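Participant: Under the working numbering, the first residue of the sequence shown is numbered 1, with each subsequent residue one higher.
Heads up, some of the hints might be wrong.
[What the hints assert, rightly or not] Ranges of calculated distance between the beta carbons of each label pair, as one might list FRET restraints: (1) His29 x Val59: 32 to 40 Å; (2) Lys31 x Arg56: 39 to 47 Å; (3) Ser2 x Thr28: 38 to 46 Å.
Calculated directly from the structure, the hints in this document are not laboratory data. Remember, it's a predicted structure, so these values are computed and weren't measured experimentally. Backbone N, C-alpha and C fix where the C-beta goes; we use that ideal spot for every residue, glycine too.
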Amino acid sequence: MSFILTAIGTLILLLSFAGIAFGVYMSTHPKTREPGTLFAIWWVPGLSAAWGVMLRDPVTFVIGSFCFLVAGITFFIHTNGSRKLSARGSRDADRRSARTTRENETRSDRKAAS
């Protein structure tokens with residue numbers, strides 16, 4: 001039984017390290033910097049949960065799993081909320097740009113008429 005728990009803990013530990021490495025890789029690119037950082041931070045409690053399985057420590061496993069769950073929910077809410085905000089912000093920027101263009105054209109027409 002202890003061999004199986006150690007093997008499962010090792011697999012979860014490797015998965016957690018891969019998640020952190022992928023998040024760090026994502027954070028090196030400008031377009032995915034913020035989600036990549038959050039993704040890497042999200043997997044840190046996964047390391048503690050995996051360590052709890054490997055050490056056969058239920059308290060470490062439960063606390064790590066709980067923190068992993070909370071971080072995952074936060075990651076999900078933050079990435080979905082920022083997409084909605086960025087889409088709304090780009091629409092507002094387009095409207096402001098169109099209004100500024102119209103105002104500039106009106107000014108140039110007035111100068112040309114005088």
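Participant: Each hint needs a verdict: does it hold in this structure or not?
Facilitator: Do the hints match the structure? See the list:
1. His29 x Val59: 32 to 40 Å: holds (38 Å)
2. Lys31 x Arg56: 39 to 47 Å: holds (42 Å)
3. Ser2 x Thr28: 38 to 46 Å: holds (39 Å)
In this structure, every one of the numbered hints holds.
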